[in-house]
Structure formats: structure tokens, C-alpha cells
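Q: Listed below are the residues making up each chain.
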Amino acid sequence: MTSRIILQLALSGLSIGSIYALVGLALVLPFKASGIVNFAQGEIVTFGAYLALILTGLGLPYLAVVPLVLIGAAAFGTVIERLLIRPIVHQPEFTLVIVTFAIGFIIKSAIRLHWQDNTFSIEAPFVGPPLVLGELRLNPAYLVYIATTVLVVVALLFFFGHSKFGKAMRATAIDPIAAKLMGVRIGSVFSAAWALSTMLGASVGLLLAPVIGINPEIGHLILKGLVAAVIGGFTSLGGALAGGLLLGLLETYAGAFFGATFKNLVPFGVLILLLLLRPQGLAGASSVRRV
Amino acid sequence: MHTRTMLILLGLALLAALPLIATSYYLYLVELAMINVIVAIGLNLLSGNCGQISLCNASFMGIGAYCTALCTTRLGLPVLIALPSGAMTSALLGAALGYPARRLSGLYLALTTLGFLELVGVVIEEFPEITGGIRGLKVPRPEMFGYSFQSNVSLYFFVLVLTMGAITVGYNIQRSRYGRAFDAVRQSPFAAQALGIPVARIKVIAFSLNAGFAGFAGGLLASVVGFIDPPEFGILTSIQHITFIVVGGLGSVAGSIAGAVLLTALPEVLRGVQEYSELIYGLILLGTLMFLPQGLVGVVAKFDGLRSAKPPAKEPAYGAP
Amino acid sequence: MALLEINALSVRFGGVTAVTDLSLAISAGEIHGIIGPNGAGKTSLINAITGMVTPYSGSIRFSNKEIVGVAPHMISSFGLGRTFQHVELFADRSVFDNVLTGFFRHQSYGVFAAAAWFAKASKSERRTQDLTRALLDAFDLAPLADTRAGLLPFGVQKRVDIARALAAEPKLLLLDEPVSGMSEAEAEAAVATMRKLAREHGITLVVVEHNMRVLMNLAERVTVLNQGRLLASGTPVEMQADAAVIEAYLGDAV
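Heads up: the sequence lines are chains F, X and G, in that order. First residue of the first sequence? That's 1 in our numbering, and the numbers climb one at a time after it. First residue of the second sequence? That's 1 in our numbering, and the numbers climb one at a time after it. First residue of the third sequence? That's 1 in our numbering, and the numbers climb one at a time after it.
To be clear, the hints were calculated from the coordinates, so they are not data collected in a lab. Even glycine gets a Cβ: it sits at the ideal position worked out from N, Cα and C. Possibly wrong hints are sitting among the right ones.
Unchecked claim - Quick partial rundown of chain F residues pointing at chain X, CB under 7 Å, derived from the structure:
1. E93
2. V97
3. I98
4. V99
5. F105
6. G259
7. T261
8. V266
9. F268
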């Protein structure tokens with residue numbers, strides 16, 4: 001087992017892990033703000049990919065499509081939050097979980113209605129032959145994935161740490177009533193959290209589309225994002241990042257050393273073990289509700 | 001005679017007479033509806049009564065289906081042993097999942113069941129020597145005491161009788177102390193504990209019963225359809241099952257029946273607009289959750305005045321001289 | 001030997017010490033009041049006794065069995081019941097069903113008997129339903145039997161809570177502010193019913209209240225808590241006259 005292979009696998013693992021981390025972040029954000037997990041997040045990724053398909057179909061180049069998709073996704077997220085989530089925020093958890101599933105289901109069926117199960121492809125500047133760096137061969141897409149995730153995390157850290165709105169979000173996550181009393185408009189905070197998270201989800205769609213193609217099933221990777229979020233205790237952004245990267249690495253190495261079967265079992269094995277033995281994740285606080 | 005009893009007898013008579021007028025295709029549809037009724041009743045015990053969210057109901061159906069199929073094809077067992085074996089296996093695995101998950105609720109329980117669902121899916125696909133993998137498994141018609149239910153009509157009555165049995169069991173459990181305990185655990189685990197109800201054990205029982213019903217239904221499905229394959233037991237099917245009980249009415253046997261029957265019939269009604277059926281399904285689920293949280297049973301009860309029973313206008317003054 | 005023996009109990013949570021070094025003994029058949037201003041640690045004490053909260057230190061013995069660390073439903077099955085300050089009824093079930101559920105631990109048929117509705121199950125259900133009706137009658141709840149519990153006024157809900165707790169046939173019943181929310185007349189009647197049932201069935205009552213007047217007619221002995229500590233203990237009359245108690249209560253209804 002040469003170090004070259006190990007490094008190569010590490011790169012592979014980190015890059016797919018970055019994608020998982022992004023989805024995980026997209027899941028943790030609205031949970032931190034409003035306590036709701038958006039099980040439609042996978043379909044948001046799909047939505048982002050198909051929106052990119054539509055816009056490139058109009059003749060726009062990929063780089064022009066990116067900001068448009070992000071804005072469109074943010075708007076979409078805000079609409080969903082205002083119209084569908086806000087009215088039911090006080091319903092039991094059962095309803096909240098199923099409602100977001102239903103929303104995802106509707107998005108997916110609508111997409112399948114129009115585009116059926118065909119796979120489409122779009123072009124992007126970062127798709128190309130591997131870059132050669134010494135003994136390593138680097139897929140440029142991988143580098144873009146990792147770079148994007150780093151940028152996103154840095155931006156989020158800055159946003160939450162130093163911006164007024166970010167601080168408002170943190171306050172709302174800790175104690176919505178106190179935040180409200182201090183003048184924070186928690187309705188706007190909720191909408192912003194959802195908008196941010198749908199933007200993140202759609203960006204994953206943008207990143208994946210040129211590499212793996214566009215079809216209705218790409219939303220299935222929400223599961224990986226969920227595992228990443230759980231590893232991070234579901235309340236920690238840094239934890240979701242670490243969780244995603246860890247999951248990506250685990251999967252890649254498991255697949256390389258033990259075969260595809262094992263690789264497929266890794267995420268769910270990890271998920272179940274964590275949930276049953278240490279639901280607060282490897283990083284989160286020990287305040288998970290147990291009856 | 002009580003109206004409800006009359007309606008039930010009428011329904012039974014219609015069902016018994018159905019083979020006289022229906023084609024084998026419609027008999028098949030009714031069989032599917034009955035299988036879904038069994039699934040819905042089991043899920044309602046867990047989610048509607050006991051309030052535990054489960055996204056892996058389809059997995060238990062699959063476990064029962066594969067178990068029953070293997071018992072009949074590989075072990076040559078008669079269906080009256082194969083079906084209960086499938087249901088029992090499923091029930092045991094339901095308890096196995098419910099036990100470690102007994103302290104979880106809401107989101108984390110949902111995620112655990114989701115993980116279990118995916119795990120079972122992977123296991124089914126990765127061991128094709130046993131399960132037939134993604135190619136699926138063929139299942140012969142059930143056989144009992146040497147009699148093979150080859151004719152469609154005999155199969156129909158086989159399913160009908162078993163479904164009636166399952167409905168009775170579901171109804172019995174709901175009106176027993178276990179049904180009350182399930183409700184207690186859902187509404188106030190603290191009060192339940194103060195009354196000596198072992199909350200964790202009740203949850204495990206609920207999981208086990210749910211899995212048992214689903215496994216039984218799965219075994220029946222294998223026998224009726226004659227073929228099973230993995231996509232049938234994925235997240236979409238689990239959501240379908242949840243839709244049955246949400247639309248029909250959470251916590252109600254009648255609701256389970258209504259929801260399962262209506263939503264099994266729906267794709268038929270939407271034959272003309274087949275492509276839209278999935279979308280409509282999702283919209284119905286969303287709409288019911290948002291606007292009709294009590295389901296169909298709630299709508300009927302509103303007319304009946306049952307669910308909104310108000311205290312008598314002049315409350316007898318307690319303690320007044 | 002006391003039925004309930006609390007020794008040097010301390011309860012802490014969230015950095016706050018709710019109960020400090022409390023010792024208390026309650027004899028079987030007694031009607032004992034625990035009183036104190038808000039924040040005195042009364043509810044924490046109840047939660048510790050019923051096992052909802054693990055005490056920081058100390059011991060609680062019920063029927064000569066140590067119950068610290070025992071699961072709440074087991075403690076209940078030993079014969080220790082409670083009612084709740086904020087009721088905790090099964091809101092979408094009828095009053096009848098609520099009280100019927102209280103009989104759970106006295107029914108013994110299993111899941112299979114339930115599924116097949118064997119005679120064991122049907123007989124048990126019939127018997128329990130009769131007992132429920134009797135209990136509802138005792139509390140004048142019969143006319144409201146089919147009403148959804150969540151729709152009732154708070155004071156009536158408290159009555160249902162008490163009836164339900166009694167259905168479990170406890171040896172000792174902890175009542176957390178049982179008459180708050182009731183009118184004068186309701187409270188008096190509830191107190192009279194509780195006293196009657198306690199005498200008839202030999203149930204020990206521990207009534208936690210912040211209103212001394214209620215305890216005047218009901219309790220034989222009263223323990224006064226203040227800021228998590230035991231302040232004084234004696235008959236209601238003695239407590240009413242006690243200088244330290246009066247001072248702690250300045251401004252509260254005594």
C-alpha cells in the first residue's frame with residue numbers, strides 16, 4: 001500500500017466528503033434556527049441541478065448560471081418557509097418530519113413529470129482531464145469541491161461571528177423568546193436560515209451536475225448529509241463539516257480495502273451506531289432529548 | 001341493530017359477493033387494498049396511537065415478504081407456517097430495533113428508522129444468493145393442506161379471511177390496556193410513568209406489533225403478486241404507508257381502513273392522468289397534514305359531533321350545596 | 001416504621017440547589033402537608049421522590065425499599081402515585097378513558113390475550129370499566145365521562161387527574177397543588193372526597209400546596225419548606241402561629 005494510493009484516496013475521500021459536508025451544513029442551519037430538519041434537502045439539490053439545466057439550456061454559460069441558481073434557490077427556500085413551514089411550526093414533530101418529506105416528494109414528482117428519468121449533462125469549466133502533480137493525479141472537480149466547501153465554511157463563520165444578522169441568528173437559535181424581546185425579528189431569521197440552506201443545497205446540485213449528470217435520483221445523497229450532521233451532533237456547523245469529511249474518507253477507504261458492499265454499509269452503520277450510542281455526535285452537546 | 005354493526009355486515013356481504021361481479025383484475029386490486037389495510041393498522045398502532053415516528057415500515061414489510069417467500073420456495077413450508085414465520089421474524093426485528101431506540105424521539109428516532117431502512121435495502125441487494133438481489137424473487141401461489149390457491153377467487157377469499165382477522169386483532173389491541181398505554185405514552189410519558197406504565201417497554205411492544213403487521217402483510221403481498229423486488233420496500237413505500245394513516249386518521253382502525261382503501265384506489269382513479277398520480281399523491285399528503293390533521297375520520301366525526309364533544313351547557317355545580 | 005422516609009436529600013439541577021439536606025418521615029395512613037412559598041423546592045422534591053429526577057445525595061425509602069435510582073414506573077408500581085401541578089391529562093381521550101388508563105398496572109393480561117380477546121382480557125376490561133364508573137361517581141364526574149379531557153376547565157381537569165391517580169390504587173399519593181384552579185366550592189368538595197377515600201382505603205396522602213388554608217382542614221401534620229430547606233414541622237395550627245413560618249410567608253396567603 002503505497003503512500004501515493006493512500007494520498008490519492010484521501011483526496012478522493014475529502015472531495016466527496018466536502019459535498020457531504022455541504023449537505024450536512026444545509027441541514028443543520030434551519031435546525032439550529034427553528035428546530036426543523038428539512039428532509040426535502042435532497043430534492044433541493046436536485047432542484048439546483050435542474051435549474052442549472054434550464055438556464056444552460058437557454059444558452060447561458062455555467063459561470064453566469066451559478067449566481068442565478070443561488071438566488072433562485074434562496075427565493076424558493078423563502079417561499080417554502082413562509083407558505084408551508086411557518087403555519088405548522090407548532091405541530092408535533094411527526095407532522096413536521098412528514099411535511100418536509102412530502103415537499104421533497106412533490107418536488108421530485110414534478111421534476112419527473114417534466115423530464116422523466118433521463119439523465120442530462122451540462123458543461124462546466126472545472127470538468128476536464130486530471131491535473132498531474134508529481135505522482136498524484138488530481139481531478140479538477142475534486143479541487144473545486146474542496147475549495148468551495150472551505151470558502152463556504154469561512155464565509156459562514158464570518159457571517160455568524162461578525163455580522164449583525166449572523167448574531168441575530170445565533171441569538172434566535174439559543175433562545176427565540178429572549179431574542180424576540182431584544183428586538184430580533186425571528187420571522188426574518190427563520191426565512192433567512194431556510195434561504196441560506198436551500199442556497200447551499202442548490203450549490204451542491206450545481207457542483208455535482210457537470211460531473212455525475214442530472215437525474216431525479218441525485219437527491220438520495222441527503223442521507224450522507226444526515227450522517228454528516230449527526231456526526232457533528234446536529235447543532236454544530238464545524239461538526240457537520242468534520243462529519244462530512246470523515247464520512248467521505250471512511251467510505252472511500254472502506255470501498256478501496258473491503259469492496260463495494262462494505263462501502264455501501266458504512267454510512268448507515270455509522271448512523272445507527274451513533275444514534276443509538278452517542279446521539280450527541282462526536283462534537284455536539286449532550287442535550288439530546290431522551291424520554 | 002347498531003348502525004355501525006349493520007354497515008360492517010353490509011361491507012362483509014359485498015366483499016364476499018364481489019367475485020360474482022368483478023374481473024380478476026379488480027379482485028387483485030381489492031387484495032392489494034386489503035394488504036395495505038393490514039399495513040396501515042399496524043403502522044397506526046405505532047405512529048398514530050403511540051406517536052412514534054417510523055420511516056422503515058416498508059422494511060418490515062420486505063422482511064416478512066422475503067421470509068415468507070424463502071419459507072415456501074426454499075424450505076417448502078405450507079403458507080400457514082410461512083406467513084406467521086415471516087410475521088414473527090419481522091416482529092422480532094421490530095423489537096430489536098425498538099429496544100435500543102426506545103429512548104429516542106422525534107428527529108433522532110426518524111433518523112434511526114431511516115438508517116434501518118437503508119441498511120435493510122443494502123442487505124437485500126448485497127446478498128442475491130438468498131434474496132435474489134435486484135432481480136427479485138418469484139413466489140408460488142400459497143398452498144394449504146395440499147390445496148393450492150391457484151384460482152383467483154380462492155386466493156381472494158384467502159386474503160379476505162386473513163385481512164378480517166388482522167383487522168380484528170388490531171381493533172382488539174387498540175381497545176385493550178395496551179392501546180390505552182400507547183396513547184398514554186404519546187400524550188404524556190410523565191403521567192404514564194406515574195401510573196406505572198413501563199414507557200420504554202410499551203414502545204418496544206408497539207414497534208414489535210407494527211413490524212408484525214407489516215411482515216404479515218408483506219408475506220401476503222408476496223403470495224398475491226407472485227414476485228417481490230427491492231424497490232417495493234424503499235422510502236417511497238414507507239411514505240405511502242404514512243400517507244394511508246394520515247389521510248385516514250391517526251390512531252383509528254377505521255381511519256387505517258379508509259386511508260388504505262382510498263389511496264390504493266387512487267392510482268386507478270387517476271389512470272387517465274397516470275403521470276400526475278405521484279404528484280397528486282404528494283399534494284394529498286401535504287394538504288392533509290396542513291389542513292386536515294385529523295384525517296378523514298376527523299371530518300366524519302365533525303359531522304357526528306363525537307370528536308368535538310363539548311361539556312354539557314349547564315355543568316352540574318360540583319360541591320355546591 | 002415510616003412509609004416514606006427521606007434522609008438528607010439534596011436535589012440539584014442547572015447549577016441551582018433546589019433541595020438541601022432534607023429529612024422527612026411520613027407514616028402510613030397519615031395526611032401530610034408540605035408547604036412553602038414558590039421556589040421552596042416543593043416540585044423538585046416530588047420529582048425526586050417519584051424518580052423523575054435523580055437526587056444529588058441522600059436517600060429515599062418507600063415501604064423500607066430504597067427508591068433512589070429506580071425507574072419512575074417501577075416506583076409507581078411499588079404503590080407511590082402522584083398528581084401533577086399542570087395536570088398532564090391525556091387530552092384527546094375522554095374522561096372515562098383517562099381514569100380507565102389509571103388501572104393499567106392492576107390488569108395483567110398480555111399482548112396475545114389482548115389480540116385474541118381471550119376471556120382473561122374481556123373479563124379484566126369489564127371489571128375495570130365498572131371500577132372506573134365507581135371512581136367517576138365518587139368524584140361527581142359521571143356526567144362528563146364522554147367529554148374530551150382537554151376541553152374541560154382546569155379545575156375539573158385536576159379532579160380527573162386525582163381520580164386517575166387513585167385508579168392505580170397507590171399506597172401513598174403525592175398531590176402537587178391539587179386544588180389550584182378550583183373554585184372554593186370545588187376545592188372543598190375535592191378535599192372532602194380525598195379525605196374520605198384516604199380513610200376508606202387507607203391511602204397516605206402527601207399534599208403539596210402553597211396555600212395554608214387548604215391544609216388547615218385536610219392535613220394532620222405540615223412540613224414547611226423554605227429555599228429548599230426544612231423550616232418547621234408540626235400541626236397546621238402550630239405552623240400558622242410559628243414566627244419563622246410567618247416571616248417566610250410575608251405577603252402570601254396564610
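Q: Each of the hints needs a verdict: does it hold here or not?
A: Hints, verified against the model:
| no. | hint | verdict |
| --- | --- | --- |
| 1 | E93 | holds, 4 Å |
| 2 | V97 | holds, 5 Å |
| 3 | I98 | holds, 6 Å |
| 4 | V99 | holds, 5 Å |
| 5 | F105 | holds, 4 Å |
| 6 | G259 | violated, 10 Å |
| 7 | T261 | holds, 5 Å |
| 8 | V266 | violated, 10 Å |
| 9 | F268 | holds, 4 Å |
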